Amino acid sequence: MHIYDVIVIGGGPCGLAMGVELAKSGLDYLILEKGNLTESIRRYPRRMKFFSTAENIEIGGIPFSISEVKANRNEALQYYRKVAGYFHLNFKLFIDVDRSERQPDGTFLTYSNDGQIFQSKNVVLATGYFDVPRMLNVPGEGLPHVSHYYDEPFKYSFTNVVLVGGSNSSVEAALELYRHDAHVTIVHKEADFRTKVKYWLVPDVKNRVKEGKIHTRFNSITKSIEPGRIEIENIETGETEWLPADFVFLLVGYLPDEHLLARCGVALDEVTKVPSFDKETFETNVPGLYLCGTVMAGVFTEKVFIENGREHAAAIADHLSGREIRVVKELIDRI
Numbered sequence: 001m002h003i004y005d006v007i008v009i010g011g012g013p014c015g016l017a018m019g020v021e022l023a024k025s026g027l028d029y030l031i032l033e034k035g036n037l038t039e040s041i042r043r044y045p046r047r048m049k050f051f052s053t054a055e056n057i058e059i060g061g062i063p064f065s066i067s068e069v070k071a072n073r074n075e076a077l078q079y080y081r082k083v084a085g086y087f088h089l090n091f092k093l094f095i096d097v098d099r100s101e102r103q104p105d106g107t108f109l110t111y112s113n114d115g116q117i118f119q120s121k122n123v124v125l126a127t128g129y130f131d132v133p134r135m136l137n138v139p140g141e142g143l144p145h146v147s148h149y150y151d152e153p154f155k156y157s158f159t160n161v162v163l164v165g166g167s168n169s170s171v172e173a174a175l176e177l178y179r180h181d182a183h184v185t186i187v188h189k190e191a192d193f194r195t196k197v198k199y200w201l202v203p204d205v206k207n208r209v210k211e212g213k214i215h216t217r218f219n220s221i222t223k224s225i226e227p228g229r230i231e232i233e234n235i236e237t238g239e240t241e242w243l244p245a246d247f248v249f250l251l252v253g254y255l256p257d258e259h260l261l262a263r264c265g266v267a268l269d270e271v272t273k274v275p276s277f278d279k280e281t282f283e284t285n286v287p288g289l290y291l292c293g294t295v296m297a298g299v300f301t302e303k304v305f306i307e308n309g310r311e312h313a314a315a316i317a318d319h320l321s322g323r324e325i326r327v328v329k330e331l332i333d334r335i
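Just so we're aligned: 202 in this note's numbering is position 202 of the sequence shown, and the numbers increase by one with no gaps anywhere.
Hints are supplied without guarantee of correctness; some may be wrong.
Dumping the calculated DSS-like pairs for lysine-lysine here, alpha-carbon to alpha-carbon at most 25 angstroms [unchecked claim]:
#, residue 1, residue 2
1, K189, K213
2, K121, K92
3, K34, K92
4, K210, K189
5, K92, K82
6, K49, K82
7, K303, K70
Derived DEER-like restraints, expressed as beta-carbon distance ranges [stated by the list, open to error]:
#, residue 1, residue 2, range
8, D204, Q116, 41 to 49 angstroms
9, A191, K82, 39 to 47 angstroms
10, S321, Q119, 15 to 23 angstroms
11, H259, D204, 33 to 41 angstroms
12, W200, G228, 29 to 37 angstroms
13, E236, V69, 36 to 44 angstroms
14, H215, P144, 18 to 26 angstroms
15, L109, D278, 20 to 28 angstroms
16, T159, V138, 17 to 25 angstroms
17, R134, A191, 19 to 27 angstroms
Treat the hints as calculated values from the structure; they're not laboratory data.
Computed from a prediction, not measured in an experiment: that's the story for all the values here.
Even for Gly, the Cβ is constructed at its ideal location relative to N, Cα and C.
Starting from the given sequences, assemble the full structure and let the hints guide the process.
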């Protein structure tokens, strides 16, 4: 079996940044991705626009040139694909990794769910967090008309749509659905939209609410979901209400795959789910196993994103190569 210097698990922007740094360092590596490259971005809403400016999500020193300041989903997919081709990155697609295990000789065996095995001296987990939605654990959450991912508006025109959550994903979906003739209601447990909502969306959504074109139920939580309706409860008054709902989107966030981390031997904080890692080298409690990007965020996914996660790759490559470690400008010590 070929022994790579490094196996990188995850082919998103941070995993690709890791591949670029390993290639520049002359290390023998392989990127394993469960879908296609930047699979998570492919699954974003089709008209989504990034919060970060284009230069802040560049990787490998390759300029991300677009006509506007912020990139959309399609532009990002094209850009990262072109970067991967430019650096001739070594990757295998549609490899769903189950675990990596450190062997007595210090190497790692990485097992895929279809029975393939890869051997390496080191492993970098760069799996992000978009694959694991936060669950509400309410009756009806698994019904066919309920989803944790929003895609596009056209399927939902002239229907009743309830969006649970008050952050970017919910607000963006609400505005797009309203403009494509859906009857939209936002249910959110707080008294107003989250403060981290993209600043250019805030006046738009608040004006649509004021006009009665988007409906809201603040200070409210989901109790149960049935075909055609959703039950909510006002947490201040205790009153319950059934809302018509042909479709329900539970857009309450996503989490890194704690079970994959645990299967790889990484220690996790019981409450925050933040894994154990060195904040300079990003090496975990498992010698030779590193974390790159949002996979290290635990429940604090708003703290780590492409803009700062891409920089972890340089520090990891430095440590693997025995060089002086470049300092990441925005470490995770804010967690």
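Taking the hints in turn, this is what the structure says about them:
For the suggested pair K189 and K213, the alpha carbons sit about 20 angstroms apart, so the restraint of at most 25 angstroms is met. The suggested pairing of K121 with K92 holds, with an alpha-carbon distance near 18 angstroms, which does not exceed 25 angstroms. As the CA atoms of K34 and K92 are separated by approximately 9 angstroms, the hinted pair is consistent with the 25 angstroms bound. For the suggested pair K210 and K189, the alpha carbons sit about 19 angstroms apart, so the restraint of at most 25 angstroms is met.
Distance hint between K92 and K82 is fulfilled; the C-alpha atoms sit about 16 angstroms from each other, no more than 25 angstroms. This hinted pair checks out: K49 and K82 have alpha carbons roughly 19 angstroms apart, not beyond 25 angstroms. A distance of roughly 20 angstroms separates the Cα atoms of K303 and K70; the hinted pair therefore holds under the 25 angstroms criterion. For D204 and Q116, the hinted distance range of 41 to 49 angstroms is satisfied, since their beta carbons lie about 47 angstroms from each other.
For the hinted restraint 39 to 47 angstroms between A191 and K82, the CB-CB distance of approximately 44 angstroms keeps it satisfied. A beta carbon spacing of about 20 angstroms between S321 and Q119 agrees with the range 15 to 23 angstroms that was offered as a hint. Checked against the hint of 33 to 41 angstroms, the pair H259 and D204 passes, with Cβ atoms roughly 38 angstroms apart. Look at W200 against G228: about 34 angstroms separates their beta carbons, and that is inside 29 to 37 angstroms.
A beta carbon spacing of about 40 angstroms between E236 and V69 agrees with the range 36 to 44 angstroms that was offered as a hint. Distance hint for H215 and P144: a CB-CB separation of about 24 angstroms, consistent with the stated range 18 to 26 angstroms. Distance hint check: the CB atoms of L109 and D278 are about 23 angstroms apart, consistent with the given range 20 to 28 angstroms. At roughly 21 angstroms, the beta-carbon separation of T159 and V138 lies within the given 17 to 25 angstroms, and the hint holds.
The hinted window of 19 to 27 angstroms between R134 and A191 holds, with their beta carbons roughly 20 angstroms apart.
Every hint, counting from the list given before, is met by this structure.
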